[in-house]
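Protein chains: 2
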Amino acid sequence: MSSLSPAVAASSVSTTPQNTINIGMIGLGTVGTGTVKLIQRQSHLALKAIAVRDAGKDRGINGLDTSIVTTDSMSVATHPDIHILIEVAGGIDEAKALIEAALNAGKHVVTANKALIAQHGPELFALAKVNKVAILFEAAVAGGIPILMPLKMCLAANKIQEIAGILNGTTNYMLTRMMKDGWTYQDALDKAQALGYAEADPTSDVEGVDAAYKIAILTGLATNQWVNVDDMTIEGITKITPQDIDYAKRFGFAIRLVALARLEGDKPDVRVHPMLVSGDHPLATVDNEYNAIWVKGDAVGDAMFYGKGAGELPTASSVMGDVLALASDLKAGNVHVAVAMEVALQGASAVHPIGETMNRYYIRLTTSDEPGVLAKLGDAFGVEQVSLESFLQLPSDKSKGEASLMIVTHEAQEAKVQRALAQIGKMPATRDVACVLRVL
Amino acid sequence: MSSLSPAVAASSVSTTPQNTINIGMIGLGTVGTGTVKLIQRQSHLALKAIAVRDAGKDRGINGLDTSIVTTDSMSVATHPDIHILIEVAGGIDEAKALIEAALNAGKHVVTANKALIAQHGPELFALAKVNKVAILFEAAVAGGIPILMPLKMCLAANKIQEIAGILNGTTNYMLTRMMKDGWTYQDALDKAQALGYAEADPTSDVEGVDAAYKIAILTGLATNQWVNVDDMTIEGITKITPQDIDYAKRFGFAIRLVALARLEGDKPDVRVHPMLVSGDHPLATVDNEYNAIWVKGDAVGDAMFYGKGAGELPTASSVMGDVLALASDLKAGNVHVAVAMEVALQGASAVHPIGETMNRYYIRLTTSDEPGVLAKLGDAFGVEQVSLESFLQLPSDKSKGEASLMIVTHEAQEAKVQRALAQIGKMPATRDVACVLRVL
Numbered sequence: 237m238s239s240l241s242p243a244v245a246a247s248s249v250s251t252t253p254q255n256t257i258n259i260g261m262i263g264l265g266t267v268g269t270g271t272v273k274l275i276q277r278q279s280h281l282a283l284k285a286i287a288v289r290d291a292g293k294d295r296g297i298n299g300l301d302t303s304i305v306t307t308d309s310m311s312v313a314t315h316p317d318i319h320i321l322i323e324v325a326g327g328i329d330e331a332k333a334l335i336e337a338a339l340n341a342g343k344h345v346v347t348a349n350k351a352l353i354a355q356h357g358p359e360l361f362a363l364a365k366v367n368k369v370a371i372l373f374e375a376a377v378a379g380g381i382p383i384l385m386p387l388k389m390c391l392a393a394n395k396i397q398e399i400a401g402i403l404n405g406t407t408n409y410m411l412t413r414m415m416k417d418g419w420t421y422q423d424a425l426d427k428a429q430a431l432g433y434a435e436a437d438p439t440s441d442v443e444g445v446d447a448a449y450k451i452a453i454l455t456g457l458a459t460n461q462w463v464n465v466d467d468m469t470i471e472g473i474t475k476i477t478p479q480d481i482d483y484a485k486r487f488g489f490a491i492r493l494v495a496l497a498r499l500e501g502d503k504p505d506v507r508v509h510p511m512l513v514s515g516d517h518p519l520a521t522v523d524n525e526y527n528a529i530w531v532k533g534d535a536v537g538d539a540m541f542y543g544k545g546a547g548e549l550p551t552a553s554s555v556m557g558d559v560l561a562l563a564s565d566l567k568a569g570n571v572h573v574a575v576a577m578e579v580a581l582q583g584a585s586a587v588h589p590i591g592e593t594m595n596r597y598y599i600r601l602t603t604s605d606e607p608g609v610l611a612k613l614g615d616a617f618g619v620e621q622v623s624l625e626s627f628l629q630l631p632s633d634k635s636k637g638e639a640s641l642m643i644v645t646h647e648a649q650e651a652k653v654q655r656a657l658a659q660i661g662k663m664p665a666t667r668d669v670a671c672v673l674r675v676l
Numbered sequence: 237m238s239s240l241s242p243a244v245a246a247s248s249v250s251t252t253p254q255n256t257i258n259i260g261m262i263g264l265g266t267v268g269t270g271t272v273k274l275i276q277r278q279s280h281l282a283l284k285a286i287a288v289r290d291a292g293k294d295r296g297i298n299g300l301d302t303s304i305v306t307t308d309s310m311s312v313a314t315h316p317d318i319h320i321l322i323e324v325a326g327g328i329d330e331a332k333a334l335i336e337a338a339l340n341a342g343k344h345v346v347t348a349n350k351a352l353i354a355q356h357g358p359e360l361f362a363l364a365k366v367n368k369v370a371i372l373f374e375a376a377v378a379g380g381i382p383i384l385m386p387l388k389m390c391l392a393a394n395k396i397q398e399i400a401g402i403l404n405g406t407t408n409y410m411l412t413r414m415m416k417d418g419w420t421y422q423d424a425l426d427k428a429q430a431l432g433y434a435e436a437d438p439t440s441d442v443e444g445v446d447a448a449y450k451i452a453i454l455t456g457l458a459t460n461q462w463v464n465v466d467d468m469t470i471e472g473i474t475k476i477t478p479q480d481i482d483y484a485k486r487f488g489f490a491i492r493l494v495a496l497a498r499l500e501g502d503k504p505d506v507r508v509h510p511m512l513v514s515g516d517h518p519l520a521t522v523d524n525e526y527n528a529i530w531v532k533g534d535a536v537g538d539a540m541f542y543g544k545g546a547g548e549l550p551t552a553s554s555v556m557g558d559v560l561a562l563a564s565d566l567k568a569g570n571v572h573v574a575v576a577m578e579v580a581l582q583g584a585s586a587v588h589p590i591g592e593t594m595n596r597y598y599i600r601l602t603t604s605d606e607p608g609v610l611a612k613l614g615d616a617f618g619v620e621q622v623s624l625e626s627f628l629q630l631p632s633d634k635s636k637g638e639a640s641l642m643i644v645t646h647e648a649q650e651a652k653v654q655r656a657l658a659q660i661g662k663m664p665a666t667r668d669v670a671c672v673l674r675v676l
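First to last, the protein sequences are chains X and S.
Taking this note's numbering, the leading residue of the first sequence gets 237, the next gets one more, and so forth.
Taking this note's numbering, the leading residue of the second sequence gets 237, the next gets one more, and so forth.
Check each hint, because a few of them may be wrong.
If chains are identical, the list can't say which one is meant, so a pair holds when it fits in one copy or spans any two.
[Said to hold, decoys possible] Taking lysine-lysine and the BS3-like style, the derived pairs with C-alpha atoms no more than 27 Å apart in a straight line are: (1) K284 <-> K395; (2) K284 <-> K503; (3) K273 <-> K293; (4) K416 <-> K485; (5) K567 <-> K293; (6) K293 <-> K532; (7) K293 <-> K365.
Hints are computed from structural coordinates only; laboratory data are not their basis.
Predicted, not measured: the structure shown is a model, and the values here were computed from it.
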């Protein structure tokens, strides 16, 4: 149980219940603009100061008092009148310094900053605790979808065994269009950028880093042990071809960028990579820019949370869920919701090494169309005790003398499969190991 | 804002933080057994008394101290040592009397009793408030799925515009099997009973009453106005035939028992009936005994919550989510989560009359296969200004001289569609208006 007494915690801001809760905000981009609109609806919330980079820019927000907009972000973070600081500017170093200053000044903090929480969560949680204030971050994972509070409170009686999430809307949009419209990766990226789903530099999305931050946070909340994103295996979608997607379909699979946390072993098996998802798995039906988090708990069984993972108002909805919970606490003169949501870390955890993880694999090979190839393939897998679940040889391209083979393995250890594939790669008959994907 | 001060509220049970939270329980059936198993994991919870009907029955629970089991349920509800009463016995009158006694004795209450909350929620919430204790009921809606806390807290910044739920696992199992295996209604019911999904008397499930309680509760939480289940249109699945399901498929629809709440008008439009759900709607993919709640909020957009709607451990998971939140409150010496979850009713609301609701309709007709029938049908709809979205005439059964017609209308007022159908029913060419279903 937390040693953070609600009565004491509240006293750091006020010893008496508050009727109006004053708010400061860092950042007035997409999410910030949505958040201002939602704050304007709440008569008990007063926006006192907003920090921006360019104070002259018109944000198109009706009724915004521009006199509260400043470029002096530190003055907002430590503004004497505010009870809650909302951080929706993103970035790491400056955001961290501002949030630390706010916590030290006795402000509660609500942030949507997944990179900051994933990388520096433990320090910030400790600093919040020392200062008897709360730091909440529902919007940092899966945008508008309520997931952190349901996971931490509603499912508190469960041992969380597995979490599998589609946590990046940009890549899910791209994979959906590649699957449904036959687009190439580049087509899909161009369109995602044109629609504003992808940044000019899409690296964090397409390389899986954004999703990695989110699954690291979910793992921390589910296990009370923080994992280091740098220890995780993170693979993006840049190598996925329309052919992979088409062939996967023939096996009844969709290809999704899955953020996975298997939590039953000694060390959490946490990673992000594209996976084949069986058509009857709930995650297979999550299309376009939507996100979903599939959770397996030992009491609840499997549950899924679905919705918009990004966007002005969806993300602002989650920011405001946290703000309203804190405001309710502050009006009552305590911070109990914050206590219930407190991340009581029991330390850090190493990540289960990828080579020791168990997975099913989908493998697509091109071989020369000659007798004896199947037997050699079978030997290579057999030596490593990797057994095959299904096998499909497509009609050969006679002109090239090639055969295309698709294999789905039973569950096998990653290192053994990689050794078998290395062996297969060396076989003279092998033209190309075209695609290797894990199967959810 | 609630006038329930956490400090005062906690004083009704204890003026000092509690290290061990004592629990009494009414009912030791399926959910009760699961709940005991989950309580046993928590070292800070102590089960002090359990009321059952048959004290001699072996429940097969390891480590259960049978000396705490009694048939005197009132002695459990008002047990001097308990802080929280869990009610998982079901029923109305006796459960209500026991919960009222517990609230009056200063006990917090956690219940899974959807019928009781739907029918008597406002009285019980008022009584809890007077006694400065909490009544929580996450398990009453959609079993293991976290929905009440996410709806009320995480989505607090939203105006909830619409809720559409598959809230009854028994009927969803039956409809899934009818759709996938071509079973008749009776086949599906027999199998559901054999599997323990359906009661010996399945009326509450198959007639939609169970789902009606749940959507009434969700409506109350989303609007702070309570609706009377007796005012709702409630239609079950007993008239659905394999033919309806097969024909719906041809239009790309699944048939689901949908509990619907449209919340944008003056009065909530709340009802339960079978609906055609488009194959690309997230609810269409919710199969078998699973439940799901699709929520549309003006900030979050659409979100969905999916999981097991019944069963020993899934339902116990939700019961325990509430118990652990209360226990955390009590250990800290206040009941703030309970305050945040308090249903601050602003009164009751009439339900929007079904005749005034707007829906799309799927209509299946058998007519005599003669010239001029289409024109007459068109006239009947046209007079009522019901326009048609799609129309399919199946190959006729020449031997009977019959034609089968399927129609999907654009959105139209229920009363107008019913008048058009009454007119069509009187036409000499009409053999049968075989099926009329609303479309989600």
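Each hint tested on the structure:
For the homomeric pair K284 and K395, the shortest alpha-carbon distance between copies (24 Å) is at most 27 Å, but the shortest distance inside one copy (42 Å) is not. Neither within a single protomer nor between protomers do K284 and K503 lie at most 27 Å apart by alpha-carbon distance, with minima of 45 Å and 37 Å respectively. In this assembly of identical chains, K273 and K293 lie within 27 Å of each other by CA distance solely inside one copy; the values are 17 Å within and 59 Å between copies. In this assembly of identical chains, K416 and K485 lie within 27 Å of each other by CA distance both inside one copy and across copies; the values are 10 Å within and 21 Å between.
For a Cα distance limit of 27 Å, the shortest separation of K567 from K293 qualifies neither inside one copy, at 34 Å, nor across copies, at 49 Å. Taking the shortest Cα distances, K293 and K532 never come within 27 Å of each other, neither inside one copy (46 Å) nor across copies (32 Å). For the homomeric pair K293 and K365, neither the shortest alpha-carbon distance inside one copy (37 Å) nor that between copies (49 Å) is at most 27 Å.
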